[in-house]
Amino acid sequence: MEEKNFICTACPTGCKLIVRMEGEEVVKILGQRCRKGETYGRQEAIAPQRMVASTVKIANGIHPLLPVYTKGSIPKRKIMEVLEKIRAVELTAPVKAEDVVIANVIGTGVDVIASRDMPAVK
Amino acid sequence: MSIKKQYDVVVIGSGPGGLAAAIEAKKGGADDVLVVERDVELGGILLQCIHNGFGLQTFKEDLPGPEYAQRYINEAKTLGITFLLDTMVMDVTSQRKLYLSSRDFGYLEVDARAIVLAMGCRERTRAQVRIPGYRPNGVFNAGTAQRWVNVEGFMPGKRFVILGSGDIGMIMARRLTFEGAHVERVLEVQSYLSGLSRNYVQCLEDWDISLQLQHTVKKIIGKDRVEAIESVAVDDKWNFIPGTEEIIPCDTLLLSVGLIPENELSKKAGVILDPVTGGPFVDEHFQTNVPGIFAAGNVVHVYDLVDYVSMAGAGAGKSAAEFAIAEKERAARYIPLVPGKNVRYIVPHKLDKKALEQGDISLQMRVTRPIEEDVWLEVRGDENSIVKRSERYVRPGEMVTIVLKPRMAAELEKTGKLTVDIYPKSEA
Amino acid sequence: MQEKYDYIVIGGGVVGAMIARWLSRYEGRLLLIEKEADIGMGCSSANTAIVHAGYDPLPGSLKALMNVRANPMWDQLAGELNFPFERRGDYVVAVGEEELPLVEKLMQQGIRNGVPGMTMIDGPEMRSRERDINPETSGALWATTGGICDPFQVTVAAAENAVNNGATVLLNTEFQDFIWEGNRVIGVKTNRGEFFARWVINSAGIYSDNVMHKAGVRPEFFIKARKGEYFIFDRAEVQIHNVLFPVPSSRGKGILVTGTLHENTIVGPNANVIDDKEDTSLTKEGMDELIDGAKKLIPNLNLRASIANFVGLRPMGNGPAWTPGLNYNNDYVIEIPSNVQGFVNLGGIESPGLTSAPAIAEMVVDLLKDAGENLVAKKDWDPIRLARPRYAHMTHQERRLLCDVDPSYGRVICRCENVTEGEIIAEVHAPIPAQTYDAIKRRTWLGTGRCQAGFDMTRVVAILARELGVSPFEITKRGKGSEYLYRKTKDTEVTDVN
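Residue numbers (this note's numbering), protein chains in the order written: chain A, 1 to 122; chain B, 123 to 550; chain C, 551 to 1048.
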């Protein structure tokens, strides 16, 4: 049996999780104070997931950058790849919050969406 | 846009506290709500906090800062709140008068029935942690760097050392890594993390950025731009431990060494601050020691989560609206006393209509010119005569008194003002 | 192209600026060269801002002579150049009975120097004037002619007045060597080419020894840097109005606690001789020394309210005493050397250098006249330099009027010190343009408050870039090498401007 230690990031509480593994299989999770922690611990032990937030270039906006984020979690090992895709995007204002910036980014099934309205410069 | 002379509630700052306060004030029945924001758009510091982690309490969603702000901005905009952007509050008095400065609107004076202070907090600086060495460019507060990187689109360095394990510092470590910069080290003088542990996991651990607890900056090296910092381990009393020094080459030192409530305006208004929190002493309505001045969010004490800031803002906004409405009702009970024919002034200048229920009210006045014959002294309402009595003469040197009696209360109710005329009977 | 001038001043500190201002009164082409990105970046920008009464320098020294001659000049100077100056008076405070005789001796020295308006006050009187003073205070010398000024504005105002009267100021222009014709200096070589003149004046501050050695003058004269560290306090937390000196020692006038015209209290300086003339680094030992020094005068000083530090290097020379036979070798050098023609030589102008600057300028003019220079007064010389608006110090009514005239004054850029966009723009387009962040800071006091530029920095960089018509990557804190930005967030390529 193997034990993995994590700090849960599902909420700000930061529970210290102990995940007992049998090979690739999770057999027991200790230390969580809610169901979210259980889910997190299982996921983290097998295939860690993260939300990603960054910015994209935007022309004609009141700022040169538009903040964006992944609508859901993506595999942690794919973050850099997602960031590369985000870096390549250039939009033109106006944009509305939650507008899709990249649909189904690198086949993760998750959209990259705008974090805010970006009005055009009048 | 027309700016009024008086508002029911004026909110200073449009961060999470200010927006929530303005929304609740408006919903709570305040007619005229004004938000004054020094930046060019609403949202405050949330706009540069592009990472997620906001709104878990309020929206049960994991949102980035701008999106969290956007939801409040959208709501505020539908409610008919007035916003003054790119406008600085220069002064606030205990009488709730505000002086505003703006390129677009000039220098303005505005009266508020109630004020909500929502100026947020500011970052502690190098001087407060006393870092020896040169004072080159490249020593920035984490928040300043965050604005450059996330909003204005500039990188203020290539190789960073971050002093302080506050949330902004750790979040910037990841952010800078994402944008191709190198974060050499995060140093924390205390023996424990000062930010949230989930930020340690996601921002430092995930990206192999090393955190050194009980370490600090001994010296900043580089005259024009940072060239390196000398780090050192410290003991429990923060004394440097000789022999543990290390030169870390870098071009930028970011400071994430704590936040302080921003209360310079509060002090101008006579608001008393708690030396422990650095924010105003408040009651359960978030009212400060100055009646009608409320405070909400990080201006009161530094919160860990934005959701709580919004809740506090909402509470303060609601209380401010209640105060303003009560003020307005009180003000509406008053009617002015207007000097009419041959009357120079009247004391009191206004009276509470309800006060007549308590007993007589005497109006004292002086005439403008003498009349050496029989005169009428007459108090008129809008359409009705309320008192009319005679005197044998009036002279400026002698005060004239007219008494209002409780039985006149009904007549008083019908009028919006009282005018006093003194004129010769011969002219009547 | 060869530029021909009548006078070249090397160094744009307060002394160089004042000499330029004095010389601008006379016909002739005048050039001031400054190696840094702004004038007044050396000792003139990091001192205690005091106009000394003159009791401190040794009687018979040129320091004493210059100090006492200059002190009364400041009222007219402040009136003409419109910089902040206040004759607040100063105190030398004796703590404990044993220090009292030293203070009395200081007053006797002042009398010998010809200082007017001094008196001794007793302990209770001193305590009534400064309630936070050490309760063991036994008395104090009260020098009523002591003053305080804004040294940044003094330097800028003097140099601007010179420019308005026809002088040229070249920044980022570093003296390299002299150009000779026999034993006559006829010009200077700089990093920006050669400039010719009939007279070259050495006002190079901490590097004045190097300059005079290039002229073959006083090979035995050397300048050592005497480092002085300071604390600045938040005016909202600490309010010391008075100028309080401790009893001086062999190491200098000691660590003061003093109010400033920006209403910030400052503590400093200490005095440590160092080898490196560029070492303006702050030291932990120095900070501890300042804290001890400050506590001697104001035991309950709230040290947590410190918002910034600065460090100055005093150019301490080894010039022989002005009066022959006097056992003193840190005196000013102000001379036209006999072995070189066309060269006015200054050296070792440390404290009270700021105070003495107008008298030094006057003396330089006198030396030129004595050397046979025919100085012809300009008919249209204008002694007045106007101050530019300072929003923070205005009344509500004044602000309203100013915003009506120029709306950019309504836009506040520095939240703590209330400095506006209009003020920044005015400084960028002033007779001596402010081109760096620090140049704006010194002129407007922006970024000096409790948030230490946390709010204004990104905005000022953008305004400077716009007003100077350059990329934000070229904006610096204090000249080349101190840039703020490296590349755009989304560009992977580094824009290395160094």
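Hints were generated in silico from the structure; no laboratory data involved.
We put the CB at the ideal spot given by N, CA and C, even for glycine.
Careful, some of the hints might be misleading.
[Said to hold, decoys possible] Some chain C residues judged to face chain B by a derived CB distance under 8 Å, without partners named:
id : residue
1  : T833
2  : C953
3  : S1032
4  : Y1034
Status of each hint after checking the structure:
no. : hint  : result
1   : T833  : holds, 5 Å
2   : C953  : holds, 4 Å
3   : S1032 : holds, 4 Å
4   : Y1034 : holds, 6 Å
Hint check: no violations occur; every hint is consistent with the structure.
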